[in-house]
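S.K.: Sequence:
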Amino acid sequence: MIHIEGFVTGRAQENCYLIYNEDNLLIVDPGSEGDRIAKEIKRTGRKPAAILLTHTHYDHIGAVEQLRNLYHVPVYVSALEQEWLGNPVYNLSGLGSHQDMPDLIVQPAEYEFELKTYTIGGMTFEVVPTPGHSIGSVSFIFDDFVVVGDALFRGSIGRTDLYTGDLQQLLYSIKTYLFTLPRELPAYPGHGEATTIGHEIDTNPFFN
1197 MIHIEGFVTG RAQENCYLIY NEDNLLIVDP GSEGDRIAKE IKRTGRKPAA ILLTHTHYDH
1257 IGAVEQLRNL YHVPVYVSAL EQEWLGNPVY NLSGLGSHQD MPDLIVQPAE YEFELKTYTI
1317 GGMTFEVVPT PGHSIGSVSF IFDDFVVVGD ALFRGSIGRT DLYTGDLQQL LYSIKTYLFT
1377 LPRELPAYPG HGEATTIGHE IDTNPFFN
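Counting the sequence shown from 1 gives a position; our numbering is that position plus 1196.
By construction, these hints were calculated from the structure, which means they are not laboratory data. For glycine and all other residues, C-beta sits at the position ideal for the given N, C-alpha and C. Do not rely on the hints blindly, as some may be mistaken.
The calculated label-pair distances, taken between Cβ atoms and stated as ranges, are [said to hold, decoys possible]:
hint: 1; residue 1: Pro1378; residue 2: His1268; range: 32 to 40 Å
hint: 2; residue 1: Thr1315; residue 2: Leu1381; range: 18 to 26 Å
hint: 3; residue 1: Gln1262; residue 2: Gln1209; range: 17 to 25 Å
hint: 4; residue 1: Gln1209; residue 2: Arg1239; range: 15 to 23 Å
hint: 5; residue 1: Thr1240; residue 2: Val1285; range: 29 to 37 Å
Given these sequences and hints, build the entire structure.
M.R.: See the structure below:
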């Protein structure tokens, strides 16, 4: 049985997720508050196996270095955004929108996602492309849920006015890779409350 827990981190109210089985744990989008994330991991009693990134905007990667160094686990990211980890302009930390935010420079990820099925720490999931919010955005499809990053939200979709954003591409991504999933499948976004695929098909104003 695979479990998922989410909690809100940082000023951007970003959702970090811990996904775990009996022994191991995957960290998804550790946006900030690395000490707090580490406490939550300790509470689960599981061993971290990897850090998975849906995309590389600053609010999703702020605690990557701290947790990678603490647990000595690899980071996985889309090849299209590998460079963004170390580029404050691309990861949006260096745009001056928050004057007190230092430029965020994260070392390169150990692995670049292929669009295929992975098994890490005994947990199996499929990586699918969901660009439109950013060019390298991906979603992770597990048997019992999907993690959608900032592609799809409850009642909304991700912003498309940022670097490499594209509204039509995002709508296509959602309809092609997410709305073809089972209607009852829970969807866990990068911000806000969880939803289900069917709920968004039926009520999301961008598709109705």
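S.K.: Look at each hint and say if it fits the structure.
M.R.: These are the hints, each one checked on the structure:
1. Look at Pro1378 against His1268: about 36 Å separates their beta carbons, and that is inside 32 to 40 Å.
2. For Thr1315 and Leu1381, the hinted distance range of 18 to 26 Å is satisfied, since their beta carbons lie about 19 Å from each other.
3. Checked against the hint of 17 to 25 Å, the pair Gln1262 and Gln1209 passes, with Cβ atoms roughly 20 Å apart.
4. Between Gln1209 and Arg1239 the C-beta distance comes to about 21 Å, which sits within the given range of 15 to 23 Å.
5. Separation of Thr1240 from Val1285 is about 36 Å and conforms to the stated range, judged on CB atoms against 29 to 37 Å.
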